[in-house]
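Residue numbers (my numbering), protein chains in the order written: chain A, 1 to 601; chain B, 602 to 903; chain C, 904 to 1133; chain D, 1134 to 1308; chain E, 1309 to 1705.
A couple of the hints might just be wrong.
Pairs of lysine to any residue residues, derived as SDA-like cross-links and limited to a Cα-Cα distance of at most 20 Å, are as follows [as the list claims (entries may be wrong)]:
| hint | chain 1 | residue 1 | chain 2 | residue 2 |
| --- | --- | --- | --- | --- |
| 1 | A | K68 | D | S1302 |
| 2 | E | K1344 | C | N1127 |
| 3 | A | K235 | D | T1298 |
| 4 | D | K1278 | C | I1122 |
| 5 | A | K14 | B | S660 |
| 6 | C | K957 | B | S657 |
| 7 | E | K1532 | A | I3 |
| 8 | C | K1098 | B | L652 |
| 9 | C | K959 | B | I890 |
| 10 | D | K1301 | A | I407 |
| 11 | D | K1278 | E | E1384 |
| 12 | E | K1533 | A | S2 |
| 13 | C | K1098 | B | P644 |
| 14 | A | K204 | E | S1657 |
| 15 | C | K1120 | D | W1265 |
| 16 | C | K959 | B | S657 |
| 17 | C | K1124 | D | G1264 |
| 18 | E | K1341 | C | N1127 |
| 19 | E | K1634 | A | N208 |
| 20 | E | K1567 | D | N1205 |
| 21 | C | K1104 | B | I641 |
| 22 | A | K14 | E | K1519 |
| 23 | D | K1279 | E | E1388 |
| 24 | A | K439 | A | G484 |
| 25 | C | K1124 | D | K1279 |
| 26 | E | K1373 | D | Q1236 |
| 27 | E | K1617 | A | G140 |
| 28 | C | K1098 | B | S657 |
| 29 | C | K1120 | D | P1287 |
| 30 | A | K14 | B | I641 |
| 31 | C | K1120 | D | T1284 |
| 32 | E | K1567 | D | S1207 |
| 33 | E | K1391 | A | N146 |
| 34 | A | K4 | B | I890 |
| 35 | B | K659 | C | N1127 |
| 36 | A | K18 | B | P644 |
| 37 | E | K1532 | A | I6 |
| 38 | A | K68 | D | R1291 |
| 39 | C | K1124 | D | T1284 |
| 40 | E | K1373 | D | I1256 |
Since the hints were derived computationally from the structure, they do not count as laboratory data.
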Amino acid sequence: MSIKDILTPFTAWKRVAKEPVTVRDPFNDRPGADRYRGFHKNDVDKCIGCGTCEAICENEAIDLVPFKDPVSGDSGLRPRVDYGRCCWCALCVDVCTTNSLSLSNEYKWIATDPEEFRFTPGIEEKAWDKNEKGWKKPEGNYEFYNLERVSMEHLHPEERNDSFIEMVKGFSKEQAILEADRCVECGICTATCPAHMGIPEYIKAIRNDDMEEGMRILYETNPLPEICGRICTHKCETVCSIGHKGDPLSIRWLKRYIADQIPEDKYKEILNTNNLEVNDKKVAIIGAGPSGLSAAHYLRLMGYQVTIFEQYEKAGGMMRYGIPEYRLPYDQIDKDINYILSLGVEIKYNTRIGKDITLDQLGKDFDAVFAGTGLHLGRGTGIEGSDNQHVYYSTDMLRKITSGEEIEVADSIVVIGGGNVAMDITRSLARLQMQKFDKVNIITTSLETEENMPADREEVVESREEGATVYPGWAPQSIEIKDGIPQGLHVVKCNSLFDETGRFNPQCEMDVKNYYPGHMIVQSIGQGIDISYISEEFKENIKFGPRGRVETDEYFQTGVKWFFMGGDIIQGPDVIHGIANGHKAAVGIDRYLRESDFPNN
Amino acid sequence: MDYSITKFLWTLLGLFIVTNWGMLMSSTIRRIGARVSGRIGIPWYQPWVDLTKLYSLKSQVSHGTMFYLGPVFRLMGGVGLFLFLPMIFGSWHWSNYSFSGDLVLILYFQLFGMLGMALGAGEGGHPYSTIGVSRGLAQFTTIEVPMTLAVISIAIQYHTLSISQIVAAQQGGFFTWTVWTNPFATGAAMLSLLGAFGHSPFNLIQAPNEIPIGPPTEYHGVFLGFLRTNNAILHVAEAALFMNLFFGGATNWIELIVKTFLIYFWSVFVGMVFPRFRIEQSVRWFLKIPTLLGILAIVIFL
Amino acid sequence: MEKENKPQDIPVVKTKNFIAPENEKRTVTAPDGSLIEVDPINDYFCQERPEEYKVKSGAVEKFLNWARAESLWVLGFGTGCGSIEIPPLVTPRFDMYRYGVQMRPTPRQSNVFIISGYLSVKTLKRAIRSYEQMPSPKYVIGLGSCTINGGMYWDSYNTINRLDHYLPVDVYIAGCMPRPEALLAGFAKLKELIKAGKAEKANEYIRNLDWYKANQKKIIKDWNMPDYNW
Amino acid sequence: MQQIIQDIESRFTITDKETRRNDLCFLTVDKLQAISLVTYLRDYQGYASLTLLTAVDWIEEGNFQLTYLLNNPSTRTEIGVRTMIDRENATMESTHHLWENIQTYQRELKEMFGIDFPGSPRIDEDFILEGWDNIPPYRRDFDTKKYSEETYFPRPGRETNDPSTYMKSKLYPND
Amino acid sequence: MDIKKIFQINNDRSSYPEIGEDGKPIIDLSSHKYVKIWQGPQHPGVTGNMALELTLSGDEIVESKTHVGYLHRGFEKLMERRKFIQCFPTCVRLCVAEPDPNEYLLATCVEELSGIEVPETAQWLRMLVLEMSRLQVLLRGVPGQAGTFALGLGYQWGSYIRDLILDRFEELTGGRVYHMYILPGGVRGLLPDGFKKRLEENLKLADEFVKNINDLMFNNIVFKKRAKGLGYIPKDYIDRYGVYGPAARAAGVMRDIRKTHPYLKYAELDFEPYTTTESDVYARSVVRWHDLKMTIDLIRQIMAKMPEKGEIKAPTPNVMHWRIPKGETYVKCESSRGEYGMYMVTDGSDTPRRVNLKGPSYTHANALLEKLLINANIADTAGIMVSLATCPPEIER
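Full structure from sequences and hints, please.
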């Protein structure tokens, strides 16, 4: 303690001459920093209402409120934030699957009414909506889930281009769990899936490595998981919310993974279907395709006696006769079908309705009939030369290939069509060409442009890998025929298919022409309905809608009470729709039969 | 002494000026203090606003009669100090009710307010008030020791107990001020002044860090307004007293304003940079150096 | 929010163990040897219902309102995490003194009560006492989202969710934590309200006292204080 | 570290051990041996500093796990002594004679888990909660969300939609 | 001639009040010798929202009890029902004044139990944030010690520089007080452009502040008189009461996790924590002041050594359902108050089984403070409390 201790503190007074450091206008002089986590902004057009922000919010500050009617891939909901809960951690921004959510650097919100602090960013206008600054998801490798798909092992093009063995090998356990881990459980896929499969739930089962639970979830809505797991059109993956920033989840492969893990003989035990009740009602199913099998399965679970009538010698319908083996091996079809049959479903092969037994007779023998007869007729282009005998329909050709018949393969082939069936036939023929000529010379041309092609992206890519040439955006004009053998296909450039109102109205540039040489032409531009088994008088009782489609009610009941129809004939070619229809129809039949039990009700 | 109405009115006017000056002084001092921290500080008119608000509040608590009388006593202490203090030397209007023995009375009034406060705050029932009051009384007692010694020394020096005469004796130039003629007494008094103004290091009475805020803990509204008004008056009056005793008094208001401001600023100047003493430390401190100085001042003039 | 002001059945504190030991009825010996019976709850605390603060009109009242608005004395009671952003306000960067806002250490001298963030039940009890001891007109600022709807701690078993059920709130400031500027803006808003004579929540508290008291007593399990702390 | 563990194993029955890092391992001992083990560690192995004492509720097994985490400032290692006590009438011997600060932990455990430490100072006083009349909140069977919603009721007027069900109901109203 | 003997002045208050047979002081409140007062929860002299129940004899404290729980939110319970990623914003609020060690501890616990390696850049950034956080605490904490004795000037200066540091935090992390920057797996962003330059400017101000505070506080006679000899902690209390950090270092015991158990990249930095042996409030204050200087130096070292660019986050499982295998761990770091640790038990689910946070205040403010306050002057309670760096939210969580 010295005199210094008394005097040095007074040096503090030197600050009196300095300007105060106070922020003069605190509201304007000091805006939030560039990264400041202020109030929410949302790009409502980008947002899909997946609700991931709601799920990650530990304060339950976010609600999803309706904004518009949902469309496929957009739930129509938008997040509403409760600032009585929010803690401005911005996890919702970081996790946002579309990067639509962000925070502005605005931070002042004063109100006298506590109810005011709830708002839907982007919809309710706020002063900070135009604010560029504020928290955004950090750049760089900063993700809360893996954006990249776990790659599944494929056969190399060289290995697969001459054989029909299955080209996709399926996930290993680690891969499946890793892939399943990417799911954010938004459930947008569930609503988009025609069968409304519990996709997030069975993906969760994979994460938990609980295959039995996964199996039970699958069979709740889909009795053909092995098949669906391979060839489903996976609308779910198109809308997958992860797909907005990265690769969508391989939902289809995950489904297949579950089904692959369970041996056939365990099914009954896991699904608890060893002892099913049997009641005295009988239901006939026409066609052992996806919808028929699905209907049969669910009807059988409800206790009905089910008989399937199948025109070919094996069950499976289009799945067996329309899809090449490299995509869907026959043993996997058998696995699913055998299980359904093992439940006590009777099946009569080689029985064609209308020929072997009439529909009316069926109606008398059974309490209800479900027809899922599918689209087995090929649809032609109708262009000049298409009536040549070397111009084929893809449906016929695929049926022959899949049933093991020898077919004629030319050294150069042109396939017309841009859908998955076109790719199937292209790739099947390419394989056959490879087997026969050891080289591939096949051209596939489609009306649709590359980005609008209805076929799956990977199908196109793999076709090209296998040696096929794909020319999208060309409209076939005529087939040049010399000596009764097609020489090639004339095409013109096609720019767009639909007009503004969405009607089919192709716009072609007739001057831009092209010519694809080929000694065999395959038309694969769609399939047609074959309802020849329905007699004319019967048809009078059934309502028909535009384009010759049968009109049914929501449960696929036709004008004839006991006659239900579903599947491709109603919904168009799609296995998952078929399954969904079958399920729904089963519910409808059950309702109908119950009601007819109590006619007074 | 003159008891005419005119005198009374002039005194009232003086009181009004002093009150306002006291408030302006305190806001100015706080603004200067704020600048040392780097702040802007309160607006200059803030004390009036605060006072207006305080007077507009209605009292809600009742702690008994003494509770109400405490602030009144305290205010009387300040007003009393002012009443018997000649403000401007040589002016009849501003000499208030100063008389030949006013120095003694003023010493009494310095303590009067504190005693009133003690009564009132004690009635408040809050332990912090009680602790604050007991500390305040202890500290004031010790402050009074050097103060009284200094006053006695001056009285001996000038052979009078009248402030006016003491001021008169200092007229005649800068070096006739007591601060030069009797530096020890000035030293003792100025050090005791540090305690009287209640800035650190001697503000344990109101120490907001431990007994918030001492005696006025329970006071609010009008009563707090009284206390604040009293503070304004007391600070100027006390500074004026010191000005009269040691710094040659004032012959006009400007001089008074400058001098009282500087005297008041002295306590802030010290208080800004020192923490506060514990009560026994401050008691000890007052009984050491200031008291010794005071004794020295008396010894010299004996 | 429906506020019932029917005199509800407020449970009068009777249970003995709910009374703090220093407030229990007891007999004390006076210095002269005589025995005095004291009942602190009745003797020391106010038993009367509070009265509303009367809002007058006219130029004087306008002036007084201006004075009230320009002289906000804040009670220094950091009830939750928000208290971390109050000290910066008295320091050079933000310096709220220049707006006439000051901190006071005792409720008796404060007008503004900042509920800084969440209130645990234990603190709520103290906050009510502090609030009631403040002289009218008084104002409450709810700081941070916790005061609005529970905020971060919406599912905690020990923090209240809605402050306006227990204390009347004049101004809410959203944020967790709000920046000091937001607090300053809150003060500005409060000033605006006071000047317009609309900051009348304290009267609402008195009008709906029974409703508030019932809410408070519902969650404060050991109500060992007097009903009124004015 | 290994030496010390071996030494302990030769004196006490260690039912389980888990080495987390070079400087941290957890040992499980019987309830009866726990106190003597911590005392031994404190007095003979230099684990003089108590880092923490806490409990874990293994409600499925009907046990509380008590963890005494001891720190040896000189070797800079830590040993966690775990012991299982019965969840019903949970009681543990107090160790307030070993460390002055442990009574705070024990008070907290008493209040938050309902584990009694007879003899520990101020053990029966409220520590954090005031007038708590429910089951001790840190027990797993106490549902804080439910309690909060019943007691402090969130602000009404909020409703949310699950994207999947909302879409299903809007897109396929009949399904 | 002993004046004290003649006037029978007894300065030895250690035997006052009498100690009963059970070892506790006999305090009879009705004897009018004692007065019971509460400091807090509404009290400017108490750090945060807690209460001290003090029994006084005159100005002297004869018995003290700490009452906590005013800030209790049940974090440990809340985290048991939150996913690991959701724990992260929750956990930050455990200690309000210094939130970053909470984030760090949670992240490290999760990473350690799930076996995730953090990228190097992220580790440097974490260290930078932790040191900046320590800096902002100490900028208030060091002069705050004088503030408890009513010397508020240093506090004002320090707060200004702290506000500037918080501005840097805002730039880097997006938050002023709750940074929520260190999340399990990494950090949430690289340094913005020009950040180092601006931080260096602030550090220069801090250097100046260090010097000024030395003049104002440590060379201040009144502060010395108040603080020296106050709140003495004997060396044998360190283990018995659990004394950590600066308080232990002031007693001559080296307790600094950064040095004794280097984490992150602290082993690559050059620093030596200051120790002294006086062990009173003044010594603790000086230790903190040296810590402040050291922190400024450490930040400069970190900025010089850290890589500019790089990965900021290790790939983690999908955070929406991140499950961690069964296990338990205790992770600690050095906060400005001392050893700060988190004990986490996982059971294989996506939420922690139990999280227990242990901060130095837990023992400092309870057992130790109660002990140190006995026979202290009531005027010194705030001083002792602040010197132990009490942080109530961390005690009761």
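Here is what the structure says about each hint:
Distance hint between K68 of chain A and S1302 of chain D is fulfilled; the C-alpha atoms sit about 13 Å from each other, no more than 20 Å. Distance hint between K1344 of chain E and N1127 of chain C is fulfilled; the C-alpha atoms sit about 18 Å from each other, no more than 20 Å. Proximity of K235 of chain A to T1298 of chain D is assessed by CA-CA distance (about 17 Å); at most 20 Å being required, the pair is judged to hold. Of the pairs offered as hints, the one joining K1278 of chain D and I1122 of chain C holds, with about 16 Å between alpha carbons and a cut-off of 20 Å not exceeded.
Restraint check for K14 of chain A and S660 of chain B: not satisfied, since their Cα atoms lie roughly 44 Å apart, outside the 20 Å limit. The suggested pairing of K957 of chain C with S657 of chain B holds, with an alpha-carbon distance near 12 Å, which does not exceed 20 Å. A distance of roughly 13 Å separates the Cα atoms of K1532 of chain E and I3 of chain A; the hinted pair therefore holds under the 20 Å criterion. This hinted pair checks out: K1098 of chain C and L652 of chain B have alpha carbons roughly 17 Å apart, not beyond 20 Å.
In summary, the hint linking K959 of chain C to I890 of chain B is not supported, as the alpha carbons are separated by about 57 Å, beyond the 20 Å threshold. This hinted pair does not check out: K1301 of chain D and I407 of chain A have alpha carbons roughly 45 Å apart, beyond 20 Å. Restraint check for K1278 of chain D and E1384 of chain E: the C-alpha separation of about 13 Å stays at or below 20 Å, so the hint holds. A C-alpha spacing of about 12 Å is found between K1533 of chain E and S2 of chain A, which places the hinted pair at or below 20 Å, so the restraint holds.
Restraint check for K1098 of chain C and P644 of chain B: satisfied, since their Cα atoms lie roughly 18 Å apart, inside the 20 Å limit. Between K204 of chain A and S1657 of chain E the alpha-carbon distance is near 13 Å, which keeps this suggested pair within the 20 Å criterion. Restraint check for K1120 of chain C and W1265 of chain D: the C-alpha separation of about 14 Å stays at or below 20 Å, so the hint holds. Between K959 of chain C and S657 of chain B, the direct Cα distance comes to roughly 12 Å. Compliance with the 20 Å bound is thereby established for this hinted pair.
With a C-alpha separation of about 5 Å, the suggested pair K1124 of chain C and G1264 of chain D falls inside the 20 Å cut-off, and the hint holds. A threshold of 20 Å between alpha carbons decides the hint, and for K1341 of chain E with N1127 of chain C the separation of about 26 Å lies outside it, so the pair is violated. Note on K1634 of chain E and N208 of chain A: the hinted pairing holds, with a Cα-Cα distance of about 15 Å set against a maximum of 20 Å. As the CA atoms of K1567 of chain E and N1205 of chain D are separated by approximately 15 Å, the hinted pair is consistent with the 20 Å bound.
Taken as a hint, the K1104 of chain C and I641 of chain B pair is broken in the structure, with Cα atoms around 32 Å apart against an allowance of 20 Å. Under the criterion of a C-alpha separation no larger than 20 Å, the hint pairing K14 of chain A with K1519 of chain E is consistent with the structure, at around 14 Å. Distance check on the hinted pair: K1279 of chain D and E1388 of chain E sit about 14 Å apart at the alpha-carbon level, within 20 Å; holds. Taken as a hint, the K439 of chain A and G484 of chain A pair is broken in the structure, with Cα atoms around 25 Å apart against an allowance of 20 Å.
Under the criterion of a C-alpha separation no larger than 20 Å, the hint pairing K1124 of chain C with K1279 of chain D is consistent with the structure, at around 18 Å. With a CA separation close to 13 Å, the supplied pair K1373 of chain E and Q1236 of chain D stays within the 20 Å bound. Among the hinted pairs, K1617 of chain E with G140 of chain A is consistent with the structure: their alpha-carbon atoms are about 10 Å apart, no more than 20 Å. In summary, the hint linking K1098 of chain C to S657 of chain B is supported, as the alpha carbons are separated by about 15 Å, within the 20 Å threshold.
Annotation: proposed proximity of K1120 of chain C to P1287 of chain D holds, straight-line Cα distance about 18 Å (limit 20 Å). For a cut-off of 20 Å, the pair hint linking K14 of chain A to I641 of chain B stands: about 16 Å separates their Cα positions. For the suggested pair K1120 of chain C and T1284 of chain D, the alpha carbons sit about 12 Å apart, so the restraint of at most 20 Å is met. Of the supplied pair hints, the one linking K1567 of chain E and S1207 of chain D holds, its CA atoms being roughly 13 Å apart against a limit of 20 Å.
Between K1391 of chain E and N146 of chain A the CA atoms are separated by roughly 18 Å; this keeps the pair inside 20 Å, and the hint holds. The straight-line distance between the Cα atoms of K4 of chain A and I890 of chain B is roughly 18 Å, inside the 20 Å bound, and the hint therefore holds. For the hint linking K659 of chain B to N1127 of chain C, the alpha-carbon distance of about 28 Å lies beyond 20 Å, and the restraint is violated. For the given pair, K18 of chain A sits about 18 Å from P644 of chain B by alpha-carbon distance, which is consistent with the 20 Å threshold.
The straight-line distance between the Cα atoms of K1532 of chain E and I6 of chain A is roughly 11 Å, inside the 20 Å bound, and the hint therefore holds. A threshold of 20 Å between alpha carbons decides the hint, and for K68 of chain A with R1291 of chain D the separation of about 19 Å falls inside it, so the pair holds. A distance of roughly 11 Å separates the Cα atoms of K1124 of chain C and T1284 of chain D; the hinted pair therefore holds under the 20 Å criterion. Restraint check for K1373 of chain E and I1256 of chain D: the C-alpha separation of about 13 Å stays at or below 20 Å, so the hint holds.
Of the hints listed earlier, those the structure fails to meet are numbers 5, 9, 10, 18, 21, 24, 35, in rising order.
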